[in-house]
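I would like the entire structure built from these sequences, with the hints used as guidance.
Protein sequences, first through last, are from chains A and B. According to the numbering used here, the stretch in the first sequence is residues 12 to 332, in order. According to the numbering used here, the stretch in the second sequence is residues 12 to 332, in order.
I should point out that these hints are in silico values taken from the structure, not numbers from a laboratory. Just so you know, not all the hints are guaranteed correct.
Given that identical chains are not distinguished, each listed pair holds provided it fits within a single copy or across any two copies.
[Said to hold, decoys possible] Straight-line C-alpha distance at most 20 Å; calculated SDA-like pairs for lysine to any residue: (1) K322 <-> E308; (2) K322 <-> D24; (3) K322 <-> G160; (4) K26 <-> I86; (5) K307 <-> L324; (6) K89 <-> A62; (7) K117 <-> L134; (8) K267 <-> L294; (9) K307 <-> S157; (10) K276 <-> H185; (11) K117 <-> D106; (12) K297 <-> S157; (13) K26 <-> D306; (14) K117 <-> S207; (15) K267 <-> G295; (16) K40 <-> K197.
Protein chains: 2
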Amino acid sequence: MAKDSAVLKSLRDQKGQFVSGEEISKKLKVSRSAVWKEIQVLKNLGYEIGAGPHLGYRLLGIPDRMLPDELSAGIKTKFIGRQIISYEETRSTNDAVFHLGEEGLKEGVCVFAEHQTQGRGRLGRAWVSPKYKNILFSVLLRPDLSPAGVSKVTLMAAVSVVKTLRLLTGRRFHIKWPNDVLFHEKKLCGILTEMSSEPDRVNFIVVGIGINVNADPGELVKGATSLKEITGTWQSRIEISQTLLETFESDYLQLKKGEFEALAKKWEEFSSTSGKRVTATVLGRKIHGTAVGIDKEGALWIRTDSGLQEKILAGDVQHEK
Amino acid sequence: MAKDSAVLKSLRDQKGQFVSGEEISKKLKVSRSAVWKEIQVLKNLGYEIGAGPHLGYRLLGIPDRMLPDELSAGIKTKFIGRQIISYEETRSTNDAVFHLGEEGLKEGVCVFAEHQTQGRGRLGRAWVSPKYKNILFSVLLRPDLSPAGVSKVTLMAAVSVVKTLRLLTGRRFHIKWPNDVLFHEKKLCGILTEMSSEPDRVNFIVVGIGINVNADPGELVKGATSLKEITGTWQSRIEISQTLLETFESDYLQLKKGEFEALAKKWEEFSSTSGKRVTATVLGRKIHGTAVGIDKEGALWIRTDSGLQEKILAGDVQHEK
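Written out as structure tokens, the structure is:
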């Protein structure tokens, strides 16, 4: 998709007021026909651009598309999402970022997609999302962690998502261990963390986040919900993405400083798992009990019905009714 | 490089005796000129093929190259190295196999190379090896392990290498924790394990093994040695590779059955670290003490000078003089 457009920036700077083609062409030192061509490109991307004789052009509306220009406009991050690639369609944003990691790109680069042909969730499950409706992106990280420490990043990402969604919608979203974001037990967001590593050293991590934003109930899988369904109105995917990237960066910097405990506390606050009756499935074995909470490594502790405490590092947890 | 050649197989079946071009052409149902062309291809690959009037062709010698045909000939494995790709030159065999892993190939596929342009060792260090002299290969594995369990595979690989080299040369090679193979404290072999994983599930593992075989002292980095230097004679890279793949498979099957303890015992037997005065460097911190041994997770335990026992999962260990 388009890289940052100087013409778009000129229009944006006018905040909806007219600017003449001549003025833009002088400012950017390009011909008036080059300006006209770029205006057509922007219109094709879905930008609403008004034109009046002797008045010039003005920006009336931006497209509901995850364009790098829109995602970058006004974002306050230092390194997360300062470099963005957007695809109409890709196999999976995690795969795309994984390849960028192998090519040695710096941490913070993000890949957004309108559609994934092989979207994945945890444990190899499919992640399905209708085109142009939801947020699908992945980010490259290069933290100084051992592979065992990587689950902290996953828990952190869930905290960042809940903070963002609570802030923007005022609704009470919860986290189901380890990293599903729920609203009244219906799934709104999934997070898939993958890494390339040696046994004792992480090369890089890819965090993929999928949030159901404007999907209609008929477009969602069973047990899922969307922000539109919850709030009753269309939501700006751009605004949510920008706030999320900013929150994510600030939480990630906290994690990098070694302050995971503050994040773990937030996680506990947002958790709908702690204190609940749960069934955990670990390598085919089912464990029934009450979730006690997470420890400083991000493991879930369960007090089983036989009175033992069990530590769950992997697997699935179901909340009992 | 060439895939399995039917003409080569016909020559090999004669065990050095002549076979006529006509006989080969009848057996393989191809023209005599096709047989002649294939003979030229084999000669170009370095095969020594004798030809006599009215006698036909016979195989006199195979090239000192890591060709899939040679590596596969007579190998007794079930899945390790049943599919082999050989490169004259590649960036790194680990990178090549990593990509095969991402493409979903089955475990056991191997990539060999005569030369790596960006060969790597542990912790991002360079691995340098002169062309056509040593063994450089990587293998794809898909064990049912958590990321924390992957160091077991690394330790196992070191055991497989030492078993193979002791068997073929009768010399006493040792392992320095976690996975360097030494001869009288000089490095002969390095192992680099890398993985693609979720925090709680391994997607796949790549084990890369580099063995200095016929490199001359002048071609080796400081502190390294080769089998040729140790034994005084040229060694067959093909024979070593085949024995190693067979040993590796049998050890890996043992690991998969959950019998790591037997491998750990072998590791202890081969270890030159256990019982030695060592300096471990962990995240920049130096720990001085006596290596006690490895535990069932593959961690090295050190009794420090202050009397504490420390568990080393990552980092570097130097044997003190």
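Now for the hints, and whether the structure bears them out:
1. When the C-alpha separation of K322 and E308 is checked against a cutoff of 20 Å, the pair qualifies both within a copy, at 11 Å, and between copies, at 17 Å.
2. Taking the shortest Cα distances, K322 and D24 never come within 20 Å of each other, neither inside one copy (55 Å) nor across copies (59 Å).
3. For the identical chains of this complex, K322 and G160 are neighbours both inside a copy (15 Å) and across copies (16 Å), given an alpha-carbon limit of 20 Å.
4. Proximity of K26 and I86 under a CA criterion of 20 Å is satisfied intra-copy only: 17 Å inside one chain copy versus 72 Å between copies.
5. Taking the closest pair of Cα atoms, K307 and L324 come within 20 Å of each other both inside a single copy (12 Å) and across two copies (18 Å).
6. Taking the closest pair of Cα atoms, K89 and A62 never come within 20 Å of each other, the shortest separation being 36 Å inside a single copy and 71 Å across copies.
7. In this homomeric assembly, K117 and L134 come within 20 Å of each other (Cα to Cα) only across copies, at 18 Å, whereas the closest approach inside a single copy is 27 Å.
8. Taking the shortest Cα distances, K267 and L294 sit within 20 Å of each other only across copies (15 Å), while inside one copy they are farther apart (31 Å).
9. In this assembly of identical chains, K307 and S157 lie within 20 Å of each other by CA distance both inside one copy and across copies; the values are 14 Å within and 19 Å between.
10. When the C-alpha separation of K276 and H185 is checked against a cutoff of 20 Å, the pair qualifies only within one copy, where the shortest distance is 14 Å, while the shortest distance between copies is 47 Å.
11. Taking CA atoms no more than 20 Å apart as the test, K117 paired with D106 passes in both settings, with 16 Å inside one copy and 19 Å between copies.
12. With identical chains, the CA atoms of K297 and S157 are at most 20 Å apart between copies only, with a shortest distance of 18 Å across copies and 28 Å within one.
13. Within a single copy, K26 and D306 get their C-alpha atoms no closer than 49 Å, and across copies no closer than 66 Å, so neither meets the 20 Å cut-off.
14. Taking the shortest Cα distances, K117 and S207 sit within 20 Å of each other both inside one copy (14 Å) and across copies (19 Å).
15. For a Cα distance limit of 20 Å, the shortest separation of K267 from G295 across copies, 17 Å, qualifies, whereas the shortest one inside one copy, 34 Å, does not.
16. For the homomeric pair K40 and K197, neither the shortest alpha-carbon distance inside one copy (53 Å) nor that between copies (65 Å) is at most 20 Å.
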